[in-house]
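Student: When the letters of the sequence shown are read in order and numbered with numbering that gives the first Met the number 0, they come out as residues 0 to 251.
Please note that the accuracy of each hint is not assured.
[What the hints assert, rightly or not] Calculated lysine to any residue pairs in the SDA-like style (CA-CA distance at most 25 Å, straight line):
#1 Lys152 <-> Pro200
#2 Lys223 <-> Ser132
#3 Lys152 <-> Pro33
#4 Lys179 <-> Gln42
#5 Lys179 <-> Thr209
#6 Lys179 <-> Ser164
#7 Lys179 <-> Arg127
#8 Lys223 <-> Ser151
#9 Lys179 <-> Ala238
#10 Lys179 <-> Glu119
#11 Lys179 <-> Val38
#12 Lys223 <-> Pro181
#13 Lys152 <-> Val193
#14 Lys179 <-> Leu134
#15 Lys152 <-> Ser132
#16 Lys203 <-> Arg180
#17 Lys179 <-> Asn249
#18 Lys214 <-> Ala126
#19 Lys203 <-> Ile122
[What the hints assert, rightly or not] Using C-beta positions, here's what the derived DEER-type ranges look like:
#20 Asn249 <-> Asp14: 15 to 21 Å
#21 Ala237 <-> Arg70: 54 to 60 Å
#22 Thr131 <-> Asp14: 16 to 22 Å
#23 Phe155 <-> Ser31: 19 to 25 Å
#24 Asp161 <-> Gln27: 28 to 34 Å
#25 Asp141 <-> Gly166: 17 to 23 Å
These are calculated hints, taken from the structure and not from any lab test.
Computed from a predicted structure; not experimentally measured.
All residues carry an ideal CB built from backbone N, CA and C; glycine is no exception.
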Amino acid sequence: MDCTETQRRLHPYLDQELDRPSALAIDQHLASCPRCKGVFATQSALRSGIRRHADYHHGAPRELAQRIRARLGTEPKRRWQWPLIGHWLPMGAAAAAAAVISWTAAIQYASRPSDEMLAEQVIAGHARAMVTSHLMEVASSDQHTVKPWLSSKLDFSPPVPDLASAGFPLAGGRLDYVDKRPVATLVYRARQHVIDLFVWPEAKPGDARTQALSKQGYNVVWWKQGGMNYWAISDVNAADLRTFSEAYANAR
0 MDCTETQRRL HPYLDQELDR PSALAIDQHL ASCPRCKGVF ATQSALRSGI RRHADYHHGA
60 PRELAQRIRA RLGTEPKRRW QWPLIGHWLP MGAAAAAAAV ISWTAAIQYA SRPSDEMLAE
120 QVIAGHARAM VTSHLMEVAS SDQHTVKPWL SSKLDFSPPV PDLASAGFPL AGGRLDYVDK
180 RPVATLVYRA RQHVIDLFVW PEAKPGDART QALSKQGYNV VWWKQGGMNY WAISDVNAAD
240 LRTFSEAYAN AR
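Model the full assembly from the supplied sequences, consistent with the hints where possible.
Tutor: Structure below.
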């Protein structure tokens, strides 16, 4: 399946409307195409943002049905309906305005690379790599193998320290797509667990303190340091992931 066909079918893919062979074909294409993987992550994040913030999916208020029944029961039928329309016009205009405001807010929210939106993209990238068995494009515990491979395919060179002495051996790396751009993903091990570290340049100067959250069964830790964004994700416990992030920050 090529890029055009994959992107054309992303909406039914997200809604789980495709048959199994078609869904598997898209899985395979996303595993090997960073560009389509980025489009998928953006659409998935936009869809999640709209679902959280748009009001159109809520049911009508109970009072509305009561008022309609009351009017139908107390007023005779009229051939001329302009007064009825006039009565409902303010409510309709308000509802339309509310829908427009909700939609605009959802779009604005989804277009901003907020921490929550970035976390969703990182989680999606990690889960997709685990499910499709596309965890690494370069498999090596040698930092002098992984770093040149990533640097040759990106417009920046990510730090790739060896953290085996801290209990987090390097396993390899791959390309992914976060915040509308290709990023480096370093793969480390923590016993039987996998830690993905997404790395890409930060446009604004300055460092940012470490933050953390737990979502969808994963722990996520992120920080900014030396002109780079760092997002670590794994199913290890939060304390271990924090220890990993500190070891990486001190070793880079």
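Student: For the hint 15 to 21 Å, verify it against the beta carbon of Asn249 and that of Asp14.
Tutor: 44 Å, violated
Student: Is it true that the CA of Lys179 sits at most 25 Å from the CA of Asn249?
Tutor: 28 Å, violated
Student: Sort out whether Ser164 lies within 25 Å of Lys179, counting only the CA atoms.
Tutor: Cα-Cα ~34 Å, so violated.
Student: Does the Cβ distance between Ala237 and Arg70 fall inside 54 to 60 Å?
Tutor: 56 Å, holds
Student: Is the straight-line distance between the alpha-carbon of Lys179 and that of Val38 25 Å or less?
Tutor: OK: Lys179 and Val38 at ~8 Å, within 25 Å.
Student: Would the pair Lys179 and Arg127 pass a check requiring their Cα atoms to be no farther apart than 25 Å?
Tutor: 17 Å, holds
Student: Would the hint linking Lys152 and Val193 be met if the CA-CA limit is 25 Å?
Tutor: 23 Å, holds
Student: 16 to 22 Å was suggested as the range; check whether the CB atoms of Thr131 and Asp14 agree with it.
Tutor: 19 Å, holds
Student: Quickly compare the C-alpha distance for Lys179 and Leu134 to 25 Å and report which way the hint goes.
Tutor: 20 Å, holds
Student: Given the hinted pair Lys179 and Glu119, is their alpha-carbon gap at most 25 Å?
Tutor: 13 Å, holds
Student: Are the Cα positions of Lys223 and Ser151 separated by 25 Å at most?
Tutor: 23 Å, holds
Student: Does 19 to 25 Å hold as the CB distance between Phe155 and Ser31, or does it fail?
Tutor: Since Phe155 and Ser31 have Cβ atoms about 22 Å apart, the given range 19 to 25 Å holds.
In terms of the numbered hints stated before, the structure departs from hints 2, 6, 9, 17, 20, listed from lowest to highest.
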